[in-house]
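S.K.: Sequence:
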Amino acid sequence: MNQVKKNSIVKNKEVIKNPKVSIILYVDNECDMVSLKSSMESVLNQEFKEFELIVVGDYLGKTLENLIINYIHVDNRVIYMKNIKKSESPALIINQGLDIIRGKYIAYQSQYGYWGKDALQFMYNKISCIPNESLVYAKIKIVNDKKYGDIEIGQDFRYDELLDRNFIVSNSIIHNSSIIKKFGGFNTNISIKMFYEWETWIRWSSKIQFIFVNKIIGGIKNYNIQLFTNDLSMKELNIFRSSILKARTEGTNKYSFDIDRKITILVIKVFFDPTLDVTVTNFMNLLSDQYNMIYISSHQLNEEILDMVDIVILHRTYDRAASEFLNLAKHKNKPVIYWLDDDLLNVHKFITGFLIPDTTQFDELVYQIKNADLIVSASSQISRSVTKYNANIRELKITILKKYIKEDFSQNNDSFKIAYIGNPRKSEMDLIWDDLISISNQYRGKVEFYFWGYIPERIKEIKASRVYTEKYTMSYYEYLNRLKKEKFNLIIAPLFESEFNNGKSPTKYLEACVCGAVGLYSDVSTYDGVIDGVNGFKVKNEKYAWNDKIQKIIEMDSCELKLIYNNAVKNVIEEHSTESQLHIFEDIMFKLRSSKVEPDTAADYKDKPVNFREWNIFSGLDVLINSFSVYERILFEKYYFEIKFALKKVKSYKKLMNQPISYFIWGASDLGIIMEKIISIVFPNLKLIGFLDKFKMGLFRGINIYNVNELLNYKFEYIFIATSRGRCEVEKELMKLKFQKYKNFVSIIY
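Residue numbers for the sequence shown follow full-length UniProt numbering, so the first one is 1 and each next one is one higher.
Keep in mind the hints are simulated off the structure, nothing from the lab.
Among the clues, some could well be false.
[Stated by the list, open to error] Restricting the straight-line Cα-Cα distance to at most 27 angstroms, the calculated cross-link-like pairs of lysine-lysine (DSS-like) are:
(1) 370 / 403
(2) 743 / 687
(3) 17 / 181
(4) 552 / 562
(5) 403 / 334
(6) 694 / 736
(7) 403 / 207
(8) 426 / 538
(9) 85 / 49
[To be verified] Estimated spans, in silico, between C-beta atoms of each pair:
(10) 395 / 570: 37 to 43 angstroms
(11) 582 / 14: 42 to 48 angstroms
(12) 716 / 583: 41 to 47 angstroms
(13) 567 / 155: 20 to 26 angstroms
(14) 391 / 444: 53 to 59 angstroms
(15) 116 / 648: 24 to 30 angstroms
(16) 574 / 595: 26 to 32 angstroms
(17) 622 / 472: 37 to 43 angstroms
(18) 444 / 116: 42 to 48 angstroms
(19) 531 / 407: 18 to 24 angstroms
(20) 587 / 408: 31 to 37 angstroms
Nothing here was measured: the structure is a model prediction, and the numbers come from that model.
Think of the CB as a built atom: it goes at the ideal place given N, C-alpha and C, for glycine as much as any other residue.
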């Protein structure tokens with residue numbers, strides 16, 4: 001027999017040497033012969049040949065084992081690792097296979113999965129061109145799902161969306177094998193057995209880049225589509241989300257779930273973004289022995305979760321679900337913090353159409369600020385703005401962990417590297433753009449430009465120097481890890497002076513110390529802590545001033561730049577590091593927990609707690625929800641609370657319910673279509689006249705209009721606003737036409 005057996009590993013005597021890719025195929029004893037054979041054949045028939053296929057079996061019967069061994073006889077790439085006792089943990093069995101891999105890259109196949117013949121070659125070509133450790137994933141077709149039919153899974157990577165739901169199937173990925181030793185394999189804790197892949201993607205994506213390629217490379221049968229819709233019990237979600245946040249807080253035992261022993265903080269955001277990390281998660285890194293943190297999007301809230309937590313943090317929220325949850329927290333005597341790292345009360349002056357005063361969205365923001373037990377503010381400007389609504393304020397700076405700070409100034413003999421890192425600031429970039437072109441033309445190949453997070457529209461105008469770009473990422477710690485590997489010399493941070501911008505934190509000053517660069521900042525209030533020529537550089541927001549300053553910095557002696565960089569590092573460690581601000585965070589939490597919660601602070605507080613996921617007040621709706629496609633289901637779950645609120649508001653106007661009424665839907669997107677379906681069942685006496693949409697010019701049902709003033713030409717009683725683009729402006733336009741909130745229109749907001 002042409003095989004050897006050792007330590008429950010069966011392989012061919014002439015086993016392949018130096019495979020480039022290791023493929024892990026997990027098989028359990030419920031798999032059938034046809035499926036396993038199909039899966040193995042799809043791997044072994046790949047155009048790319050330089051791989052090993054490690055079949056990891058979980059207590060397999062003789063029939064399946066013999067099938068695998070027969071393949072070992074004829075193909076020296078097949079290795080079988082057997083487990084003679086049933087483990088009940090796919091993650092554990094897969095990790096055993098990962099212990100023996102030899103390839104530079106790892107891919108995965110399912111016992112019910114398959115690949116197209118060119119799948120492995122395609123994925124190998126993609127990842128082998130990437131210099132840094134990364135994970136590449138593609139699309140997979142879920143075949144013949146009983147409820148939804150064939151479904152394609154896979155989309156552009158967004159860390160915030162991955163926290164909400166999984167969109168990565170294991171047999172769509174390939175990654176560097178080195179990340180297993182650095183960041184651990186799959187989570188074997190039985191309490192998240194259902195989510196072990198999802199938890200792994202989230203944990204890894206906070207360390208390395210995830211790169212999506214828009215191609216279907218294969219499929220999978222008998223897959224649990226429930227994992228992609230969040231159609232899970234609240235208990236399952238709570239356990240999972242608790243584990244995710246603990247995994248994200250480095251320094252925490254990633255597989256510990258003793259949430260009853262520590263103080264548990266619930267952080268609620270409308271959608272995840274990196275501001276959570278620079279304000280709260282950094283502290284969790286240092287206090288993981290005392291605190292657990294659970295993050296959840298406001299559209300996934302449930303009253304049950306309050307029984308698990310000690311403190312609630314509303315983090316930049318402005319939706320109705322968060323307001324109702326605040327009321328519920330007070331009802332259960334849980335202290336509530338409203339955390340602000342931006343001056344949201346004045347953001348409408350900076351971002352058109354967002355949080356406009358007197359709109360529903362702004363009302364919810366003010367309500368939450370007024371009724372929180374404490375406001376945590378990142379700057380004095382934010383504190384001044386909030387005081388008129390709530391004077392109980394503590395200031396706490398945004399921070400950075402000391403371990404990310406680079407000790408030495410970057411030395412580059414070949415070129416001087418100038419970088420812009422962060423969110424798009426088109427107006428500021430337009431001001432300094434000609435200055436950057438001038439620097440490029442003057443120094444040519446002696447300078448390089450890097451744009452991370454924002455790729456200017458005119459970037460091709462830089463022709464004399466090399467230019468590099470990186471897309472914006474929501475994965476903050478992965479971003480810092482990548483940033484620390486760079487050797488930038490100068491970070492440029494243009495920022496205009498404004499009431500809103502004055503509330504911003506000097507984030508770029510901190511991040512310059514991650515990549516070993518000195519910083520050049522606009523001479524505005526945000527950067528008051530920077531002293532020109534001492535711990536950085538400052539410049540007026542004037543044409544050509546940036547050119548002159550950058551030129552001066554390039555010509556400076558490296559020893560001078562190193563001294564300025566060292567001063568910046570010292571200042572950041574002493575005043576802006578997480579470690580330096582830790583005592584303030586601990587004091588806030590201690591005093592809040594020991595203070596009395598005042599449940600009567602809410603002006604319209606409801607004694608009867610709201611049931612967040614209860615739909616039985618609307619007969620017939622369950623049937624419709626169950627008929628939704630996967631995409632419709634995901635969209636519905638995102639807005640379910642807002643939709644229910646809108647329906648209840650309409651139902652409360654008995655005058656509307658006692659007679660046939662006509663209505664418009666503002667927003668012809670998928671959400672608008674879903675609203676039409678729901679209204680037709682809940683309120684069959686309501687008649688849809690048509691859709692109003694300023695952006696979608698196609699033909700929808702009924703009358704289609706594109707200008708708010710056209711509404712005056714029709715007789716109707718109600719408008720449902722189901723748009724995310726310009727929803728605040730929509731409300732203001734309707735109010736100008738004398739429509740009243742709730743009585744004549746209601747918004748589905750987030």
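S.K.: Any of the earlier hints contradicted here, and which numbers?
M.R.: 1, 5, 9, 10, 11, 12, 13 and 15
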